[in-house]
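2 protein chains.
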Amino acid sequence: MKKIIFPGVAGLVSGVLAATVFFADFNTTTPTTSASVKSKAEQVYVPHGELDDYYLFNSGGHSGQLFIYGVPSMRHIRTVPVFTPDPATGYGFDDYTREMLGDYTWGDLHHPAFSETDGDYDGKFLFATDVANNRVAALDLADFHTVDMLKVPNSGGPHCAAFVTENTEYLFLPTRFAVPMGNEFASLDEYSETYRGVMSAVTFDEEEQKLDIAYQVSLPPWSYDKARAGKGLSGKWAVITTYNTEEATTNLEINASQADRDYIVLFNWEELEQKIENGEYEEFDGQKMIYPEKHKGGIYLVPVAKSPHGVDVSPDGKYFVASGKLAPAMTVFSFEKAFEAIANEDFSSERNGIPVLNYESVMEREVDPPGALGPLHTQFDDKGYAYTTMFISSEVVKWDYETGEVVDRHDVYYSPGHLVTAHGDTAKPRGDYLVSLNKIAKDNYLSVGPSHPESMDLFNINGEKMVHLSSTPVNPEPHYGQMIHRDVINTFHVYQQDENNPYAVYDQKNTRIERDGDHVSVYGISMRSKFIFDAAADRPDVIEVNEGDTVTLHITNTDFDQDIVHGLGIMDYNLNFEQMPGQTKSLTFVADKPGVFPIYCTNFCSALHQEMTGYLLVKPKE
Amino acid sequence: MKKIIFPGVAGLVSGVLAATVFFADFNTTTPTTSASVKSKAEQVYVPHGELDDYYLFNSGGHSGQLFIYGVPSMRHIRTVPVFTPDPATGYGFDDYTREMLGDYTWGDLHHPAFSETDGDYDGKFLFATDVANNRVAALDLADFHTVDMLKVPNSGGPHCAAFVTENTEYLFLPTRFAVPMGNEFASLDEYSETYRGVMSAVTFDEEEQKLDIAYQVSLPPWSYDKARAGKGLSGKWAVITTYNTEEATTNLEINASQADRDYIVLFNWEELEQKIENGEYEEFDGQKMIYPEKHKGGIYLVPVAKSPHGVDVSPDGKYFVASGKLAPAMTVFSFEKAFEAIANEDFSSERNGIPVLNYESVMEREVDPPGALGPLHTQFDDKGYAYTTMFISSEVVKWDYETGEVVDRHDVYYSPGHLVTAHGDTAKPRGDYLVSLNKIAKDNYLSVGPSHPESMDLFNINGEKMVHLSSTPVNPEPHYGQMIHRDVINTFHVYQQDENNPYAVYDQKNTRIERDGDHVSVYGISMRSKFIFDAAADRPDVIEVNEGDTVTLHITNTDFDQDIVHGLGIMDYNLNFEQMPGQTKSLTFVADKPGVFPIYCTNFCSALHQEMTGYLLVKPKE
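Order-wise, the sequence lines are chains A and B. FYI, the numbering for the first sequence is 176 to 797, going by the numbering used here. FYI, the numbering for the second sequence is 176 to 797, going by the numbering used here.
Treat the hints with caution; some may be incorrect.
Chain copies aren't distinguished; within one or between two, either way the pair holds.
[Stated by the list, open to error] Calculated lysine-lysine pairs in the DSS-like style (CA-CA distance at most 30 Å, straight line):
hint, residue 1, residue 2
1, Lys450, Lys385
2, Lys385, Lys603
3, Lys558, Lys411
4, Lys481, Lys411
5, Lys794, Lys463
6, Lys326, Lys768
7, Lys385, Lys411
8, Lys794, Lys326
9, Lys796, Lys326
10, Lys617, Lys299
Because the hints were derived from the structure by calculation, they are not lab data.
Pulled out of the complex, with its shape left as it was, chain A reads as follows:
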């Protein structure tokens, strides 16, 4: 077995984990009196006054949202709304976010991706895609809010996304389904001819906080499943797994599992960028579209065991590891061998106009742990090990990706999909913790009826053996997560006064209600413990309008104090939105119901929160 090297750990670990713990026996059933040995319970316990070491950002799947946990306590700290409206914060209710969401009331958030600098998380932004409705979103990690969203045309569900390149040059969005170009109607009988799987190259302008589509690639009508950008020596490359290269149009359970091999798409994004600069593309539907069969080069296929799922890149950028959900083995491929094969035009054939590399020329080794079944996804630690989930045999396998040697295995409860280690998909993984994101919980937790939660198993991975620490339920469905150290995240607590915001009012004397035809604009303040819509009025907390008026509320929270959030809800008008400390938000609605409607603060703010009320009076039409 490879010699295990324990580096100096003092700088790697903070919070509740003592450095000496790595060499200890973690068994809680035989506690010792040594203060250096912590029970599992104590390893995950974060007392009041201390903080978790890591944030875990979990995809919320078909909730459309993002779930934030603290590690090691695994406490659920916050659900951040992304693709689905969230009345608790007014996301999708106020004007800015309502326009951003458009008519969509749900999304299917699969794979979150932190922005990266030099191949490591830089803690600035997080990107996520909506498989259901073809959207991509960006979150600002300074305030944990969604700042931009883009609807992606020609797309059939950006499942294997977002994955970012090592300096966030691009987010790539390959798609799970093939659809006709331009989302036109076309019979499934014409599938191979008219359907395509379009990958989008998306950029993000950090200054403007804006997403944009740089170009698209019209790939064959296959399903693109998981993907990763390269690192270091492979930094300009990326890999994508495919299935249904059979191009079946029904009953994929059977028909997409016929061929012995599917492919990994290996592409060089610098070369594609160059093609765009050189004009080697066609305009389609307003997009710059690369067709690999016409605009040759930069895209290759690597044969892989049939119906692969995950593909992951080692921290040093030397290898990509593919896992086959119907296979017993992980396959390690070498980027360097692939580059050599490409240089030598060592191709076995061509498929849909794209060169196919010789499997044997690119494959480094196959790793087949005895009895392990259904490898799905791989993450890495800081000591040269890979960790792979086995969906069918319900375990995590720890192995040496340089030698293929399996060094440890541990059960999980049950059926793990993705797993996540600290910075575990970056060039600089940190070890410390591993979380297995399980698909089935069965009877792990108190029953909540026929629909069970999913589950997460937390491991300490700083020793040679993985140590199972705890089991945590989670709302369906954490497809993927990323674990980032708290030192990398820099939030702020209060929005600064913005004198250039025409809608902001910081001084009570500037509060006012203005009418322009049938549009009423309210420039108001929320503060402990009252609303002031017009300080000069007899009743400063009352808005009176006529039935049919369009009303815009511009409300500024003038409590510049940490954690003092106000909400403004209007009864029976189905309206609520929060204003964070110092923040100005706008909300527009049509006063289409006559009558009297209480207004109240929905976010507990002070001892007199219950008194923070007012009325909307809507005079009926004559």
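Starting from the known structure of chain A, fit chain B onto it as the hints suggest.
Relative to chain A, chain B alone:
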């Protein structure tokens, strides 16, 4: 100090808590080697294979939902959608729940209330009200799903609701705001004359799982804040706190805090029931409306320190405890003294046509812990103690409600609203645990930006001293919770086959797609790992319709296996709904967009989940 009696505890405690723990020193900073002393960490740690002892059902506030936690681990197990759509389950998307929610996309869920038998939770149903949009809902605790919802007319926000009587004869829904009767328009200048605070008496038919309004009471135009039903000797009575008896119409922060006393409304619901039977009411807007000033009797006012918040009834039904958010003291009132005062017509005056009892005749004692400020809510244990949250001094005070003696105090972090003990608002409280639901978290947890989570402090309350065990973040905003022992909850795991359901299909050969004019009905199956919409078709997993058709999907999950949930999402059509094991669900939509739209299973179900797909093809109009 009152002698503390520790009853035999073996039968009271299960799970991770050892009986001997009650007498121990819980300080983790000086651990001992005794196996009988568990650290705080170990007291809250529930290892894989064991279950939490209690469920905590927390209101989700302006999320509109219900949050379920396990106690003592405080792990968040499930969010149950109630007043807000939830795409993760399809709540508000399938036909049944979409009709139930109507046009509302949010609610403000305040005070959950379990159904009761003999004054204790019976584990059958849970009721909750929506302050924002005047609704009441019922959840079936066999499957943790919302089964009925009612829009309550004439109502101004049922804040102090739902509270149930000791055998769930009624849920009473008094309202926080006064509005004009019938929700007509009326100037605030006519507030005292035309505005009212209408309380609704709602019944629930357990067989039919249907909510109904029995009658309403048109109370004065005050704010009704918190309420409780009596128990035992007070079982036919209920109490409600009021504020703004000043009838102010603006700036309540100041104007509703003028009078030295507000009132507790004390009413006898059996007498009100009798009035309805006797015809002592007026019809209003289709409701049987009792006007206290006309239909005299059964309703009384008890003066109380100004702007009270909580009012709670002791387990023995002898006392009601009112807390004043601007006061330093809790006031204990005697039901028996109140009954005597009523019998003797010992009234000091009348207010809005309702007799006012003499404060001194009804008050038992005032309890004023030194330095304590802002008492809000009180719960009880099994040993004769009351626990009251102090919002301003951020603590929980433990006191003897028979003597008024304060026996313990403990800080919480920070600004507690409600608190909850095990079965702590019933006739049979269980002690064990106390959870303080705090409004402010400040820097307790990893920062998620300007909007912080709320927080919960967990205490072990089986010893004389409260022992603080852990701190847990929670999404805004847990106004109230109820803690119920796991033995009282009986869920099922699989829906039984229902041969009388015309929309259910259990045999593949009965799957079919039927057209009736421009309405297409799909009788389909979801199963590992495919959709079958029409088994006889060339492509059984494809639905082809014409642009403009109305399409109804009736989908039955034929995997009668625990925890195997399927979801059906249609890309770009903003549609998703789950089918639990054995369940049939229907979803109707208009195919108004031509093109090709992938259909896929959104809830991970098997190794070939990714292959569980199909297509919706919508032929464009000629």
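Hint-by-hint comparison with the structure:
1. Lys450 / Lys385: Only inside one copy: Lys450 and Lys385 sit 24 Å apart there, 65 Å across copies, limit 30 Å.
2. Lys385 / Lys603: For Lys385 and Lys603, only the intra-copy Cα distance (28 Å) is at most 30 Å; the inter-copy one is 58 Å.
3. Lys558 / Lys411: within (25 Å within a copy, 69 Å between copies)
4. Lys481 / Lys411: within (26 Å within a copy, 70 Å between copies)
5. Lys794 / Lys463: Close across copies (28 Å), not inside one copy (53 Å); limit 30 Å.
6. Lys326 / Lys768: The answer is between: 16 Å across copies meets 30 Å, while 33 Å in one copy does not.
7. Lys385 / Lys411: Result: close within a single copy only, 23 Å intra versus 62 Å inter.
8. Lys794 / Lys326: Between copies only: 23 Å across chains, 40 Å inside a chain, cut-off 30 Å.
9. Lys796 / Lys326: Answer is between: at 25 Å across copies they meet the 30 Å cutoff, but 40 Å inside does not.
10. Lys617 / Lys299: Classified as between: cross-chain Cα gap 22 Å, same-chain 37 Å, threshold 30 Å.
This entry satisfies every hint, going by the numbered hints stated previously.
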